[in-house]
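Engineer: Listed below, chain by chain, are the residues.
Protein chains: 2
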Amino acid sequence: MKKFLIPYCLLCMLCGGINMAYAADEYNQNNGMIVRISEIEVYPEYFDEYLTFAKEVAENSVAKEPGVIAIYPMMKIKNNEQIRILEIYQDDNAYKKHIASEHFKHYKTGTLHMVKSLDLVDMYQISPQAFVKVFKKAEE
Amino acid sequence: MKKFLIPYCLLCMLCGGINMAYAADEYNQNNGMIVRISEIEVYPEYFDEYLTFAKEVAENSVAKEPGVIAIYPMMKIKNNEQIRILEIYQDDNAYKKHIASEHFKHYKTGTLHMVKSLDLVDMYQISPQAFVKVFKKAEE
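Quick mapping for you: the protein sequence lines, in order, are chains A and F.
Under my numbering, residues 1 to 140 are what the first sequence spells out, in order.
Under my numbering, residues 1 to 140 are what the second sequence spells out, in order.
The set of hints was computed from the structure by calculation and includes no laboratory data.
It cannot be assumed that every hint is accurate.
Given that identical chains are not distinguished, each listed pair holds provided it fits within a single copy or across any two copies.
Mimicking EDC-like on lysine to aspartate or glutamate, the simulated pairs with C-alpha atoms at most 20 angstroms apart in a straight line are [to be verified]:
#, residue 1, residue 2
1, K76, D119
2, K78, E39
3, K55, D92
4, K78, E59
Turn these sequences into a full structure, and let the hints steer you where they fit.
Structural biologist: Quick look at the structure:
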């Protein structure tokens, strides 16, 4: 079996290299930021309660955490239980701090039983150079 | 048949009233704004070309149109051909101006053959009072 060891190690190194290249590309496209659309479906019986939690965690996170650039929760007009949250974090470290924060843990544990499905869909920005431009009117 | 005419008219008036109430509620939730996630799939062979159009129309629209608050195009990291665009317009009038603009018409006609599917998903904001807050760091 020893004769397979070296090719196996080489393959592992190669795959590791590819993964690193992919990660580097991803971070370049997003200027180091994490950009995500969280797709959430909530059980109808908890709908109103869920909204209170979502609103609270969005506002607290952006107000208290310098690395949280945007947490923008929405619901489909035609199907209110389908929630979409645009989340933008400055970098991986900001995201780790966010999920370790008291307000996030309060939201997460408080809503666990309300959530029917959850899909965290990571995104590349298409216009990374124009990030400031495409939101420039949010302050007006 | 005449005996059904009055109840029918009353029913129509009632339904009209419900629709109006729904529309009023919608505009109240979004402070008059139109909030949308456009879900687009592009044909792989036109992918790069599509990105150029999407980037251009996003930047031009936000720069040139006071009523366009955000056009933020993204693509899924795990499936690049799946495009998502967060669009926020000041009001219905701003949206009408946008789709009549030269840059939007250039994008629309230029990409028509590149788009495999298109779904305009209208959204309510969950935290309308905090719109400025949840994007307040976009300028930093």
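Engineer: Which of the stated hints cannot be reconciled with the structure, identified by number in ascending sequence?
Structural biologist: The structure breaks hints 3, 4; every other hint is satisfied.
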